[in-house]
Structures are given as structure tokens and as C-alpha cells.
Amino acid sequence: MNAVYILSGLGIFSLLAEIFSFRKILFPIVLLGLLATAGLLVMDWNTGTSHFSNMLTFDNYAIAFSAGIAVIAFLWFLMSRDYFENNTHVTDHFALVLFSLVGAVFMVSYSNLAMLFLGIEILSISLYIMAGSKMTDLFSNEASFKYFLMGSFATGFLLFGIALVYGVTGSFDLGKINQVITAGSTEFSALLYAGVLLMMVGLAFKISAVPFHFWAPDVYEGSPTVVTAFMSTIVKIAAFAGFFRLFATCFASVSGEWVNVVQVIAVLTLVVSNITAVYQNSVKRMLAFSSIAHAGYLLITLVALNEISASAILYYVLAYAAASLAAFAVLHNVAFENENASAESFNGLSKRNPFHAFAMTVALLSLAGIPPLAGFFAKYYIFTVAFESGYVGIVLLAVVTSLIGIYYYFRIIIAMYLKAPETTTPVAVTTMHNVMLVICLLSTIILGLFPDMIIKLI
Amino acid sequence: MNENVTQAIQGVPLNYYIWLSTALFVIGVLGVLYRKNAIIIFMCIELMLNAVNVLLVAFSAYHGDGAGQVFVFFIMAVAAAEVAVGLAILIVIYHNTKTTDINVLNKLKW
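From first to last, the protein sequence lines are chains A and B.
Counting along the first sequence from 1, when you hit position 20 you're at 20 in this note's numbering, and nothing is skipped either side.
Counting along the second sequence from 1, when you hit position 31 you're at 31 in this note's numbering, and nothing is skipped either side.
Hints are all accurate, no fakes.
Quick list of simulated restraints, FRET-style, between CB atoms:
id, chain 1, residue 1, chain 2, residue 2, range
1, A, Gln-179, B, Asn-96, 51 to 59 Å
2, B, Gln-69, A, Glu-85, 41 to 49 Å
3, A, Phe-52, B, Leu-14, 24 to 32 Å
4, A, Met-135, B, Ile-39, 13 to 21 Å
5, B, His-95, A, Leu-31, 29 to 37 Å
6, B, Tyr-94, A, Asn-87, 21 to 29 Å
7, A, Ser-255, B, Gly-66, 28 to 36 Å
8, A, Ala-190, B, Asp-101, 38 to 46 Å
9, A, Ile-12, B, Tyr-16, 40 to 48 Å
10, A, Leu-31, B, Gln-69, 38 to 46 Å
11, B, Gln-69, A, His-51, 21 to 29 Å
12, B, Phe-74, A, Val-278, 37 to 45 Å
13, A, Met-453, B, Phe-74, 32 to 40 Å
14, A, Val-438, B, His-95, 35 to 43 Å
To be clear about the criterion: a stretch of chain A counts as covered by chain B if any three or more of its residues have a C-beta under 8 Å from a C-beta of chain B, and this derived list gives those stretches:
id, segment
15, 128-137
16, 147-158
17, 161-170
Source of the hints: derived by calculation from the structure; they are not laboratory data.
Every residue gets a Cβ at the ideal spot worked out from N, C-alpha and C, and that includes glycine.
Please put together the full structure from these sequences, using the hints given.
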């Protein structure tokens with residue numbers, strides 16, 4: 001619970017900093033605050049406290065994901081320092097990011113549907129503004145508008161689903177809804193299933209699963225690169241953790257009714273996103289499709305729901321976020337002038353900045369799932385979950401699609417090492433970026449070497 | 001809750017409310033999908049949210065439970081915030097393109 005207070009306090013402090021000219025010390029304070037948030041969350045481990053008359057429950061699942069989000073946000077702030085510095089409204093951006101983190105914490109710790117709704121909205125409304133933060137750039141405007149439109153459209157579906165579930169069960173509380181559903185009053189069952197499916201549609205929009213993904217590539221491509229990094233890591237994690245929390249706890253007893261739909265969505269997501277990613281020339285757009293593909297792998301855990309699903313998801317999102325942040329940081333530096341850099345702009349990066357080329361290589365290998373990096377074990381655990389629950393077909397399909405994934409990730413690696421550079425000017429980087437990349441790489445390797453650290457947690 | 005209002009709401013069969021709000025919701029969805037003017041799309045999104053509000057209030061009255069009505073207040077507050085941001089985005093777009101037709105927003109492939 002302290003996490004919510006600290007994050008909101010930091011957000012308000014950022015707004016005040018503009019008035020009282022604290023701008024210089026704001027950045028270190030925010031970094032410290034995020035570490036403190038993660039630390040305080042971990043101290044509550046195993047206590048499982050509820051707050052606000054049982055609206056938020058910080059069980060181990062919520063704590064693990066909230067602390068993960070705080071750490072990823074820490075790395076993200078290191079990465080986006082120079083973006084903020086070049087912007088006149090730096091404090092406003094800080095406040096928006098911090099408030100959206102509050103929303104993310106709500107989304108992983110809710111035990112009442114009202115909090116799920118509020119969390120999604122707090123997260124999204126801040127992000128609509130951040131996506132459009134380059135006001136004179138039409139691409140950014142368009143990304144922001146599409147994100148807003150699709151976000152509120154999805155919210156409509158989610159709310160209609162919530163209303164129908166409320167109509168059947170008479171409560172917004174996850175525990176009570178679960179009781180009513182398990183008791184099996186069939187009086188309004190058609191309404192209940194309609195509600196569950198509508199909520200699934202709303203949340204599938206948020207995690208950008210096929211066929212509700214069409215907004216994601218555009219929004220990811222048009223937004224400033226640092227904002228894209230935020231959306232494809234923190235937002236995706238929070239949305240998926242919220243999705244899983246709802247369906248794995250509250251609606252688990254009627255899983256027979258929705259599991260086939262999730263299975264179809266997962267299969268479509270894996271196939272469509274991986275194949276479309278092959279045809280992308282813009283690296284940012286390719287990473288957008290890759291992030292949709294990772295949502296597909298995550299959905300497998302929900303299809304094959306068992307007791308290690310939650311740990312597998314936690315491990316997967318941490319591995320994915322570390323690699324993905326590193327890839328976006330390199331992209332941000334390489335394509336500093338040209339936001340929509342094609343694969344050619346990575347030509348010969350190994351000569352222009354060997355460390356960046358190495359970092360990008362490790363990040364892409366981890367995303368592709370090459371051992372011994374974290375991305376490999378992440379996929380391995382998800383496939384294990386599916387295998388143990390008897391979904392062999394979907395595992396085979398996922399293996400094939402991750403082979404397709406290797407193709408488009410390796411295209412960039414080949415460009416970096418084997419092609420001649422277009423210019424020989426070294427890529428300028430700040431120390432902050434190098435520190436952030438080192439942390440990301442170390443965590444990718446350490447998570448890969450010692451997967452037991454995370455996998456036994458929840 | 002005022003007893004008369006509750007009784008008045010309960011005087012109508014619950015099915016009617018469900019059909020009414022479903023119809024409003026579908027109109028909103030179709031509007032979002034087919035209209036080209038950004039302002040009208042905003043109105044259609046509001047229509048979707050208000051369909052949900054009608055449904056929640058009806059269920060709340062039938063269950064005799066106040067939570068549904070509190071939820072409606074959440075939705076109203078959030079919808080107001082959302083529209084404020086949405087209109088701000090639209091004004092920025094208007095500054096750059098001098099139109100509110102969403103067909104100009106085709107720089108990124110759909």
C-alpha cells in the first residue's frame with residue numbers, strides 16, 4: 001500500500017517542483033523514490049494485506065508484479081533522461097509517468113472491479129498525453145489520437161462486461177463474484193458469459209492481442225521512442241497481470257466457457273504477429289509486432305492454467321522487459337534524428353559503437369529465446385506449463401512461431417556485424433544510457449543463469 | 001436511495017433495461033466504427049459509456065445494492081477526464097491539419 005502513497009506523492013511533488021524550481025533535484029528524488037517503492041513492497045512479502053475495504057489486496061502476486069514494475073520504471077527513467085532534458089515541460093512528464101505507475105500498481109493489485117477500471121484509466125489517460133508529447137509532429141498526434149480512440153473504445157467493452165457481471169452476481173468484489181459463480185446459480189448464465197467475454201475483449205485490446213491489435217503498431221511507431229518503450233514494457237505487464245488476475249482467480253471456475261476463446265486469440269496472436277513482423281522495415285514497428293507476439297506467448301499460460309502459471313508469467317515479463325528496454329534504448333540512440341529507423345540504419349553498428357551493438361545483440365537473442373539468456377527460460381517455462389496441462393499442439397505452434405521470430409531478430413544482428421556502415425561517425429551516448437544498458441544486460445544474463453530466483457516466488 | 005425512484009425503476013421489467021442499454025451500446029460501437037468526424041466519434045464513445053451507466057443503475061436498483069450507483073459516478077468522473085484529454089489531442093491535431101476528419105490521420109499504416 002505504501003507503494004501507492006509514495007508514487008502518488010512523487011507525482012504531486014513533481015507538479016510542485018515546477019512551481020518551486022526543484023527541477024534539478026527532481027530526477028534523483030524520483031529514482032530514489034522508485035527504489036524505495038520496490039523495497040517497501042518487498043518488505044510486505046507474505047503479509048497479504050487488504051486496503052480500502054478490500055478494494056486492493058497486496059498478496060504475493062500483486063507485490064511481485066508491483067515491485068517488478070517499480071524496478072522497470074527505474075530503468076526506464078535512466079533511459080529517458082535525455083528525452084526529458086530536451087523537453088521544456090519536464091516536470092509534467094515526470095508527473096504523468098508517475099501517475100500512470102500508480103494506475104499500473106492498481107491493475108496488478110485490485111480485488112474489486114472498480115479498481116481494475118480505475119487502474120486502467122489512470123494508466124491510459126496519462127499515456128494518451130505522453131504518446132502525443134511531440135505536439136508539432138503529425139505522427140505523434142496520430143499515434144496519440146488512435147491510442148485514445150482505441151483505449152476508450154476498449155474501456156467501453158470492459159465496462160459493459162463489468163456491468164453484466166455485476167447484474168448477475170450483484171457485486172464488484174472478486175471474491176464474492178467467485179463465490180456466486182462457483183455456487184452455480186444458472187439464472188442469468190447467458191448474461192454472465194456475455195459479460196465475461198466482453199471483459200475479455202476489453203482487456204485483449206489493452207494487451208494488444210490479435211484480432212484486437214491493429215492499433216498497436218501505429219501507436220508504437222508514432223509515439224516518441226521512450227514512450228514506446230514504456231508502453232511495450234510497463235503497460236503491457238500491468239495489463240497482462242490484470243488480465244491474468246481476473247481470469248485465473250475470479251472466473252477460473254467457469255474456465256470451460258472462455259478457455260477456447262483465449263486459445264483462439266493466443267494462436268492468432270502468435271501466427272499473425274510473427275509473420276507480419278517479418279515484413280516490417282522500420283525497426284520500431286518490428287519491435288511493436290514482436291511485443292504483440294510476446295503477448296501471445298503469455299496468453300498460453302492462461303489457456304493452460306495451472307499452479308505455476310503465475311510464476312511463469314512473472315519470469316517471462318521480467319525477462320522480456322529487460323531485453324526490450326535494452327533494445328529500445330539502443331534504437332533511441334541509433335535513430336536519434338530519425339524516429340522510424342529502418343534496419344539499414346543499424347548497418348555496421350559494431351564499428352560505430354561496439355558496446356551498443358553487443359547490447360542490442362544480447363537483447364535480441366533474449367527476445368528470440370536463445371539459451372542461456374533469460375528469454376529462453378521464459379519461453380521454456382511457459383511451454384512447460386502448457387505441456388503439463390496437455391496442450392501439446394499449441395506448444396508445437398509456439399515453437400514454430402518463435403523460429404520465425406529468430407529470423408527477424410537476426411536480420412538486425414546481421415546488419416550490425418556484417419554490413420558496411422553508411423557513416424563512420426560514432427554513436428554518441430550518455431553515461432546514464434551505458435549504466436542502464438549494463439543493468440539490463442546483467443539482469444538478462446543473471447535471470448537466464450539462475451531462473452530459480454524468480455520461478456519459485458509466487 | 002429514494003424509495004419512490006427505486007420503485008419507479010423497478011416498475012419496468014429488467015429485460016427492457018438490458019435491451020435498451022444494449023441498443024445504445026451497439027449504436028455507440030457502430031458510430032465509432034463508421035463515422036469519420038472525430039467529434040462525433042467522441043460522442044459515440046460517450047454513448048457507449050452512458051449505456052453502461054443505464055445498465056448499472058438498473059441492476060443496482062434491482063439488487064437493492066448501492067455499489068452499482070457508486071460505480072456510475074466513477075465512470076462519469078473518468079469519462080470527463082478522458083474527454084478533456086481527447087479534446088486536447090484533437091485541438092493539437094486541428095492546429096496542425098485544420099480539420100477534424102480522421103481520414104487525414106493516415107500517416108501511419110492502419
